[in-house]
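Engineer: Sequence:
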Amino acid sequence: MSSHHDWAEKIHTEHETTKPFAPENGESLRFAVGDCVLYTNEAKIEFRRKITGLYRPSGPCSQYAQGARYFIDSSSPWMPVKESELRMDGET
Numbered sequence: 665m666s667s668h669h670d671w672a673e674k675i676h677t678e679h680e681t682t683k684p685f686a687p688e689n690g691e692s693l694r695f696a697v698g699d700c701v702l703y704t705n706e707a708k709i710e711f712r713r714k715i716t717g718l719y720r721p722s723g724p725c726s727q728y729a730q731g732a733r734y735f736i737d738s739s740s741p742w743m744p745v746k747e748s749e750l751r752m753d754g755e756t
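Start counting the sequence shown at 665; every next residue gets the next number (the working numbering).
Keep in mind that the hints were calculated from the coordinates and are not lab data. Worth double-checking, as some hints may not be accurate.
Unchecked claim - In silico lysine to any residue, SDA-like type, Cα no more than 20 Å apart, as pairs:
1) K714 to P724
2) K674 to F685
3) K714 to K674
4) K674 to K708
5) K746 to G731
6) K683 to S748
7) K714 to K683
8) K708 to M743
9) K746 to E706
Predicted model, so just to flag it, every value in this text is computed and none were measured.
Could you build all of it, start to finish, from the sequences and the hints given here?
Structural biologist: Pasting the structure below:
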């Protein structure tokens, strides 16, 4: 890859081709606004959070193409997180 732009374009193209995430793959999103969830960060530390919104970019977005669908009440409420980083609070 020669640039971040090339990488982002590649990720977006792969997403459009394979449609690996809901809702593009025909499945429903697992969480809804208001749901209480456990968010696991990259360091594997869990935090109790609430879904505050759904991420729906107006154009191609590498974050969305990698599965980021949800906004949570965190110190970075503008940064969407992936469904794979969330589970319902109370699940084992």
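Engineer: Could you work out which of the previously given hints the structure breaks and list their numbers from low to high?
Structural biologist: Violated: hints 1, 3, 4 and 7.
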